[in-house]
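A.B. asks: Going down the list, the sequences are from chains Y and C. Residues 1 to 257 in my numbering are what the first sequence lists, from first letter to last. Residues 1001 to 1429 in my numbering are what the second sequence lists, from first letter to last.
Among the hints, erroneous ones may be present.
[What the hints assert, rightly or not] DSS-like, lysine-lysine: derived pairs with alpha carbons at most 25 angstroms apart:
hint	chain 1	residue 1	chain 2	residue 2
1	Y	Lys127	Y	Lys167
2	Y	Lys6	Y	Lys106
3	Y	Lys106	C	Lys1150
4	C	Lys1150	Y	Lys73
5	Y	Lys73	Y	Lys127
6	Y	Lys58	Y	Lys213
[Said to hold, decoys possible] Pair ranges (Cβ atoms, derived):
hint	chain 1	residue 1	chain 2	residue 2	range
7	C	Met1387	Y	Ala70	35 to 45 angstroms
8	C	Pro1209	Y	His11	38 to 48 angstroms
9	Y	Gly163	C	Ile1368	47 to 57 angstroms
10	Y	His9	C	Leu1180	16 to 26 angstroms
11	Y	His9	C	Glu1062	23 to 33 angstroms
12	C	Ile1080	Y	Val109	32 to 42 angstroms
13	C	Trp1070	Y	Val109	38 to 48 angstroms
14	C	Leu1180	Y	Lys213	31 to 41 angstroms
Keep in mind that the hints were calculated from the coordinates and are not lab data. Cβ atoms here follow ideal geometry from the backbone N, Cα and C, with glycine treated the same way.
One letter stands for each residue in the lines below.
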Amino acid sequence: MLLEVKDIHVHYGKIAALHGVSLEVDEGEIVTLIGANGAGKTTTLKTISGLRPLSRGKIMFDGADISRVAGHKRVLSGIGQAPEGRGIFPGMTVTENLMMGCYARKGDVSRDLAQVFELFPRLAERKDQAGGTMSGGEQQMLAIGRALMTNPRVLLLDEPSMGLAPKLIQQIFSIIQEINRRGTTVLLVEQNAQQALQVAHRAYVIETGEIVKSAEASALLDDPEVRAAYLGGGADRPVGGSEPEQAAGAPEEPRDG
Amino acid sequence: MSNSTGVSARGKGRAGFGSAFPVAYERARRRAGARRAPLNLLLLPLLYVTETFGAINETFHEWWIRQPGWSRWTVYILLIVGGVLLPSEQVASFMSPETDWATLLFFPIGGYVLLAIGLNVVVGQAGLLDLGYVAFFAIGGYTMAVFGTKYGWSFWEILLVGLVLSALSGVVLGAPTLRLRGDYLAIVTLGFGEIVRITANNTEYIGGPNGIGGIPHPPSLSEWAFPDAFPFNLVGLEGVQPLSYGTLSAHSYYYLMLATIVAVIIFAKRLERSRVGRAWAAVREDEDAAELMGVPTFKFKLAAFAIGAAIGGAVGVVYASQAISIIPNNFPFILSATILAAVVMGGSGNIPGVMVGAFLVAWIPERIRFFGEYRVLIFGAVLVALMVFRPEGILPSRQRKAELEEGTGGMGSMGAEVAGPTADAEAGR
Ligand SMILES: Nc1ncnc2c1ncn2[C@@H]1O[C@H](COP(=O)(O)OP(=O)(O)OP(=O)(O)O)[C@@H](O)[C@H]1O
Ligand SMILES: [Mg+2]
């Protein structure tokens, strides 16, 4: 196992946000963590990347216990994250943002930079634009590209589809698959369960700080409970206008790589 | 930069400095025009001044980044020469008809400028809101007073001790508190500033409320005087001994302050361009994201605190070496607030900006002494108006401007708290 989260408990003050979350991510997988607002998805990712301390449990990465390792050191061992809400540096240019990704690394990074620009041609076109003036979708690309610049072994993505138009969501998800094909393990947090389950190999469902289900992603797509809670109800009734990405997404997206 | 100011600045860069003025007028009118009738007339002159500053700044910046090394060095040297000739009689008659200009230049002007450069490291670069910066100034001052009067150490030795002690006190304050963010940090630092002053007030060993008197002057380095020749005779500085620290004239202290300022600017500029500067920028813009990039955010925040504190301490040592006596009330909270106002008003994060801000904050109240009681009121109104209509400051750095537009990194780390509960809640909606 590349990443193992074992029964972690995380508190904000006295309030427990996670009570006993366990999950595993194997080398080469795309694993998705889905759940409603406030279920604890972001908290889980932040705890894995070291932005939140845990009060109980363990996080193992590549066989070592990293539960007490500082966040900036976890980056070096190979945990990269594109945070929720993108978290790009608004005053830095696109290139400067990307270069922050290899702040802690030594050696030549021009190949990594070229690769990010190849994955996201849009970023190459806007190299010198201030990050804060990029559009939402561009910022998302930048956040993912910047995380890739840390040369991660596992990439943690927190709702990469948030606030994007259906077409762009398609694009982002196929890029995630491409990144995975090139050898990076991905742990993907999503509210857009339909899309996430289509690209992922395995999935976990989190509710109020606990994992309530885990299975093959394809199995969850057909699971009646999951369909009712996260995919919008009846089997042959696609959700109405409120979630257009579903209609746009489903047919042309091939499963697995 | 794709915003409109950036574009117009580039166009102007080619047209030359002269066209900065009509541009500034246009912009001032636009900004003032948005207000109602009596207000915009009052604002227009003020905005014209700040927009002119801004336009010159942009034009100059465009020109500056295209200059080769030697031409930059020429500008640096001209600036230093200007600094040396600044206490001239002609300048004094305009700048300070009522008070001794050289004294004023030493303190408050020089002192505020250096304090602002130091606070800028903390607030402008690392984005940490420090409301108790005066504490480090006080620690430097008391270091000079105690070691000078009780141990008979010389100024130069004490300067070193002062740097170390104030940096240490920065670490002592920072280590437990830098895990706090934004407003919490501001409150704790505010408390620290008061604790230092009140402790001084209640400590018999350092004179309690009466402070310490009889602080020795620095030993004179040389009796050499400016010759009666160009350019000194033109500005009435002939015969001034710049390296001799008697009680008679403030000139030599001003030059001591000037040298310290130059040294600190070089140091701060080098930091800004280094990996440290990049780390600070990342922390200021988004602390969580910085940590995710492998920046040891806590370490760098602590470093910013220590460096800022050391600079504040240096000002204290230099100040006390001239003052002969210091008392706790030389270090009130209002001084922290004033320096912070200078930094924000001048253009947080940009060294020339904070220097202009500090200069104005130190000089305007002196210059308008003839208003008597009302001068503070007028001064306050000018500050408020400036911040409402030019929130980015008089000479903002480009990066900070972009941050402000985005709504992060704007003031201390208040804006950098994007990963907090409110941001999450908004994002979920
Ligand atoms: N900084 C914080 N302070 C206090 N409570 C917090 C904080 N951040 C999150 N919480 C709480 O922890 C719980 C889990 O939040 P989390 O952000 O992990 O949810 P999420 O699954 O990512 O939700 P969303 O899909 O809306 O992003 C929520 O109840 C939230 O209110
Ligand atoms: Mg979340």
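A.B. asks: A separate judgement is required for each hint: does it hold in the structure or not?
C.D. replies: Now for the hints, and whether the structure bears them out:
1. Y:Lys127 to Y:Lys167: At roughly 23 angstroms apart (the allowed maximum being 25 angstroms), Lys167 (chain Y) and Lys127 (chain Y) satisfy the hint.
2. Y:Lys6 to Y:Lys106: Roughly 32 angstroms between the alpha carbons, so the hint for Lys6 (chain Y) and Lys106 (chain Y) is violated.
3. Y:Lys106 to C:Lys1150: 51 angstroms, violated
4. C:Lys1150 to Y:Lys73: 47 angstroms, violated
5. Y:Lys73 to Y:Lys127: Violated, at about 28 angstroms.
6. Y:Lys58 to Y:Lys213: 20 angstroms, holds
7. C:Met1387 to Y:Ala70: 35 to 45 angstroms: At roughly 37 angstroms between Cβ atoms, Ala70 (chain Y) and Met1387 (chain C) fall inside 35 to 45 angstroms, so the hint holds.
8. C:Pro1209 to Y:His11: 38 to 48 angstroms: About 47 angstroms separates the Cβ atoms of Pro1209 (chain C) and His11 (chain Y), which means 38 to 48 angstroms holds.
9. Y:Gly163 to C:Ile1368: 47 to 57 angstroms: Given about 51 angstroms between the Cβ atoms, the range holds.
10. Y:His9 to C:Leu1180: 16 to 26 angstroms: 24 angstroms, holds
11. Y:His9 to C:Glu1062: 23 to 33 angstroms: 55 angstroms, violated
12. C:Ile1080 to Y:Val109: 32 to 42 angstroms: 39 angstroms, holds
13. C:Trp1070 to Y:Val109: 38 to 48 angstroms: With Cβ atoms ~33 angstroms apart, the hint is violated.
14. C:Leu1180 to Y:Lys213: 31 to 41 angstroms: 39 angstroms, holds
This entry does not satisfy hints 2, 3, 4, 5, 11 and 13, going by the numbered hints stated previously.
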